[in-house]
Amino acid sequence: MELYNKDTFCDDILPVVIVGNGPSGICLSYLLSGYTPYLSPDGFHPNPILHNKLTENPHLSLFDQDLEYLCEGVEGRSSNPVAVLFDALLLPDGDFGVDCASLLIWRHEPERATPHLVLGKGPPGGAWHAMEGSMLTLSLANWMELPGLKLKEWMRDKRRNLRNDRATPAEIASYYQHNVTKMGLEKSFACGTTVTSVSRVSLESGCSVWKIQGHQRRASSGEEIEVPFSVYAENVVLATGTHDIPARLGVEGENLPFVCHSFWELEAAISSGRLDRASEPVLVVGAGLTSADAVLAAHHLNTPVYHTFRRPVSDPALIFNQLPKLLYPEYHKVHQMMSQQQYKVGETVVNLSNQPLSSPADGTSPYTCYPGYLSFPKHHVAAFRPDGKCVLEDEGGIQTVLQVSMALVLIGAHPNLSFLPEHGGPLALDSEEPISCRRNPLDVDPYTYECVKEPGMYAMGPLVGENFVRFLKGGALAIVCDIARKQSKKTSRELHNKLIEYLTDQLHVGSMKRH
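No gaps in the numbering here: position 142 of the sequence shown is 142 in UniProt numbering, and each next residue is one more.
Quick caveat, the hints were computed from the structure, so don't treat them as lab data.
Honestly, I wouldn't trust all of these hints.
What the hints assert, rightly or not - Calculated lysine to any residue pairs in the SDA-like style (CA-CA distance at most 25 angstroms, straight line):
no., residue 1, residue 2
1, Lys378, Gly250
2, Lys150, Ser174
3, Lys486, Val209
4, Lys121, Glu186
5, Lys333, Glu280
These figures come from a predicted structure and were not determined experimentally.
Using the sequences plus the hints, can you model the full thing?
The following block contains the structure:
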């Protein structure tokens, strides 16, 4: 869809504009397009309390029910109650890896559709198109799917096989893009768009709406150009994700050329031949899944790896200690490496570049389990130096200096909300701290996902703490229900005003006749 500048308001005010075309934006668009969830006649939920509540009004769609009432007593792996409720209906007993049938059936009811626009920088699927294509996703395949199109059936049609019931990011990105086409949502998507400003503007009538400005990439005469646009909306939804701006350590030397902040820079170094088995060791900073992917990629290349992280390996909060070993063997291997191949304070650091790539038969090396790897638990980076050295420091202040060819700082990311005043900071739970999916998400009403500090603005997905696709769908449900309620109130108010106007006219006509 091509966008243009709209200088007048007239009838161009959309009920909803969604900023972000990843799985959050796609799911919300699906529900706004009139696809409506109902309880299946054969549906039975293992939670008896929830099942009894659902059977009280089986003829009503989920949009027409009291979500807060249904959420009472339902527990799950999300802190957002509507996310837990919708997940429990879509994936009963999903936490146990059981592939149970959904309790919901979907009906397309065009009369419920709400006009909307979805804005995204790239093709539908968002950041999934930029993720490394061969690694397996963390979530089980059915956790990644969106309503309306079964991921496993789509994979089967494409003659692709799921490994350990998981798919690759490239496959997931393709699935999300196909979902938009299959469900007929394309007319609401404007791709190639970058939003530069979202602000409140007042109408002559006295009410205010959102003005969304930006530019759209288009092909013109064989060249790519950027065309400015502006659109107006009653409600705006932030569905941008949180992977735009890599988190930084804030230490000396972090801007040196050999210090990188994304997995893709490691891939580029490998592809160009700048990094190989003869290189000095790579330093990986962080103990999340992206850092684990970096360790695996470098280890597969036989490039030595130093791996440093602040927590102890046994910390229950580490993601590796929360993953089933059978489902995630590659991450379990990294966790083993972190545990079994630790640097011990006071020992001389082995130069991994000189270490044989296979374990010595006599066991003389202190690091024989995983040659070419050494972890530094409970250490942090104190500084990077221009000569390629990295200074690590432990909890006691003892420093260790490592010679590296490349340092990868993979400690998370922050969302890019530069199009909002103060980069969206005032919308967070703690307006003094950077917005973060885990530590400082946006402050929203738990049953509507409307921003507490900005009526008419909603947020969903990672921005409200939902890192898993399976839970972001609940945000779409909450938002659609609240917007439908607002639209219903608006329609009732307009009908009421028209009725008053009609009755006033009739009284005036009657008065004229009497005179």
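Structure-based check of each hint:
1. The suggested pairing of Lys378 with Gly250 holds, with an alpha-carbon distance near 18 angstroms, which does not exceed 25 angstroms.
2. Between Lys150 and Ser174 the alpha-carbon distance is near 13 angstroms, which keeps this suggested pair within the 25 angstroms criterion.
3. As the CA atoms of Lys486 and Val209 are separated by approximately 14 angstroms, the hinted pair is consistent with the 25 angstroms bound.
4. Between Lys121 and Glu186 the CA atoms are separated by roughly 15 angstroms; this keeps the pair inside 25 angstroms, and the hint holds.
5. With a CA separation close to 23 angstroms, the supplied pair Lys333 and Glu280 stays within the 25 angstroms bound.
Checked against the numbered hints above, the structure breaks none of them.
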